[in-house]
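> Sequence:
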Amino acid sequence: MPAYRLPLELELHILELVTPPLLMRHLAKRVEFLQTAALVHHSFTQWAQDKLHDHFAFKYDPVDKGLVRLKERLSAAKNNGGVPTRVHLDLTRYRNDGKPERIREVFGTLEIIVDRLWINPSAASVGMTDIFTEVSHFILDDRCHRAGGPALRGGGEGSDCASLKRLTHFALYDAQLDAAPLCSPTVTYVAIYGSEVSSSVWERLFERLPNLQTLITFASLPRPYIYEYLPASVENVHCVETSLNEWTDAALRAHRLPSNLPRLANFSLIVAVDQPRDADRQTCKFNLLREPLKCDTIPPGCRVKYELRVADVDDVFDELMLEYGF
Numbered sequence: 003m004p005a006y007r008l009p010l011e012l013e014l015h016i017l018e019l020v021t022p023p024l025l026m027r028h029l030a031k032r033v034e035f036l037q038t039a040a041l042v043h044h045s046f047t048q049w050a051q052d053k054l055h056d057h058f059a060f061k062y063d064p065v066d067k068g069l070v071r072l073k074e075r076l077s078a079a080k081n082n083g084g085v086p087t088r089v090h091l092d093l094t095r096y097r098n099d100g101k102p103e104r105i106r107e108v109f110g111t112l113e114i115i116v117d118r119l120w121i122n123p124s125a126a127s128v129g130m131t132d133i134f135t136e137v138s139h140f141i142l143d144d145r146c147h148r149a150g151g152p153a154l155r156g157g158g159e160g161s162d163c164a165s166l167k168r169l170t171h172f173a174l175y176d177a178q179l180d181a182a183p184l185c186s187p188t189v190t191y192v193a194i195y196g197s198e199v200s201s202s203v204w205e206r207l208f209e210r211l212p213n214l215q216t217l218i219t220f221a222s223l224p225r226p227y228i229y230e231y232l233p234a235s236v237e238n239v240h241c242v243e244t245s246l247n248e249w250t251d252a253a254l255r256a257h258r259l260p261s262n263l264p265r266l267a268n269f270s271l272i273v274a275v276d277q278p279r280d281a282d283r284q285t286c287k288f289n290l291l292r293e294p295l296k297c298d299t300i301p302p303g304c305r306v307k308y309e310l311r312v313a314d315v316d317d318v319f320d321e322l323m324l325e326y327g328f
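Under this note's numbering, think of the first position of the sequence shown as 3, with each following residue one higher.
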């Protein structure tokens, strides 16, 4: 007697839900999952193969022919009709021989247009903005290193950043903010990791983002001065914290939602801790944070969420990035 199966469309929908997300931290697990799914049943094979080809990941290794290998893989993908528009570049070992013009030559020769670009670490991205002029999503992900450093120069008229006319989503480590990062009137979504910058840096950043709609911050509970500098166009503010220990009780009680954002529709502050015992330690401070949350401090129509969660903080941040199309 044949085994009962759900309709194929429903099975594929379930597989879609459990597939690891298309983010750099999850790529290895995603590939492994899809390769396994392709072998489970022939009806899953084409679906899994299509998913495997929806991105291109390359880890630079000087021992393994370096950029020669990159050109070979890109050429093979193009010849097979799978020209990648989502590209993940792990350039951790792209050091002395890592000249931006060499990568420019590889992509330029093959005439490959990239729409979504992830680079790790971001320091390797210096000078690359004129290579990927059609990019709409630029993600510089240093979280695995927890270290930043000036990554992108320019940002003003005539700089290498001025050529990115389609850029809408931009993510970076906060140590790069003072290096005049990718900012343009077209950018509407920004995700920032960390909080070790001064108020003047935040002010300069938001001056270059007049149409910003969504701000996601990781481990950087917004100080009141950050709210002051946000443009009036902002509709969503989401903050992910790992601890409230650095905040005094008075500072937590004084925290208020931004009152200068007439379009603010969503505000969330999530404190993510690794262990339940850590959550217990944070409970008192978390309650102090929520204490001043009264109706007169909430913009009309704004949905507010304060949450203390036992979870990996990177996973929480990734959820928000996925929700807003990063």
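Because the hints were derived from the structure by calculation, they are not lab data.
Bear in mind the structure is a predicted one, so any value in this text is a computation, not a measurement.
Where a beta carbon is used, it is the ideal one built from N, C-alpha and C, also for glycine.
Possibly wrong hints are sitting among the right ones.
Claimed, not checked - The calculated BS3-like cross-link candidates involving lysine-lysine, where the alpha carbons are at most 30 Å apart (straight line), are: (1) Lys80 to Lys167; (2) Lys53 to Lys73; (3) Lys73 to Lys31; (4) Lys67 to Lys31; (5) Lys61 to Lys73; (6) Lys80 to Lys67; (7) Lys61 to Lys31; (8) Lys61 to Lys167; (9) Lys31 to Lys53; (10) Lys307 to Lys287; (11) Lys53 to Lys67; (12) Lys167 to Lys53; (13) Lys61 to Lys80; (14) Lys53 to Lys80; (15) Lys167 to Lys73; (16) Lys80 to Lys31.
What the hints assert, rightly or not - So the derived label-pair ranges between C-beta atoms look like this: (17) Pro233 to Lys307: 36 to 44 Å; (18) Glu11 to Ser270: 31 to 39 Å; (19) Thr250 to Asn82: 53 to 61 Å; (20) Gln51 to Leu19: 13 to 21 Å; (21) Pro22 to Asp276: 17 to 25 Å.
> CA of Lys61 to CA of Lys167, is that 30 Å or under?
holds, 28 Å
> Going straight from one Cα to the other, do Lys53 and Lys80 come out at no more than 30 Å?
The given pair, whose Cα atoms are some 16 Å apart, holds under the 30 Å limit.
> Under the criterion that the straight-line Cα-Cα distance not exceed 30 Å, is the pair Lys53, Lys73 satisfied?
holds, 22 Å
> Verify the CB-CB distance for Glu11 and Ser270 against the hinted window 31 to 39 Å.
Taking Cβ atoms as reference, Glu11 and Ser270 lie about 33 Å apart, which means the hint holds.
> Look at the Cβ atoms of Thr250 and Asn82 and judge whether their distance stays inside 53 to 61 Å.
Because 59 Å falls inside the window, the suggested range holds.
> When you check the alpha-carbon spacing of Lys80 and Lys31, does it fall within 30 Å?
holds, 24 Å
> Hinted pair, alpha-carbon criterion (30 Å max): Lys67, Lys31. Please report holds or violated.
holds, 25 Å
> Is it true that the C-beta distance of Pro22 to Asp276 lies inside 17 to 25 Å, as the hint says?
holds, 20 Å
> Taking 30 Å as the top limit, are the C-alpha atoms of Lys73 and Lys31 close enough?
This hinted pair holds, its Cα atoms lying about 24 Å apart.
> Going straight from one Cα to the other, do Lys167 and Lys53 come out at no more than 30 Å?
Measuring from Cα to Cα gives roughly 28 Å; hence the hint holds.
> Assuming the hint says 13 to 21 Å, is it satisfied by the Cβ distance from Gln51 to Leu19 or not?
holds, 19 Å
> Are the Cα positions of Lys61 and Lys73 separated by 30 Å at most?
This hinted pair holds, its Cα atoms lying about 12 Å apart.
Taken one by one, the earlier hints fail for this structure only at number 17.
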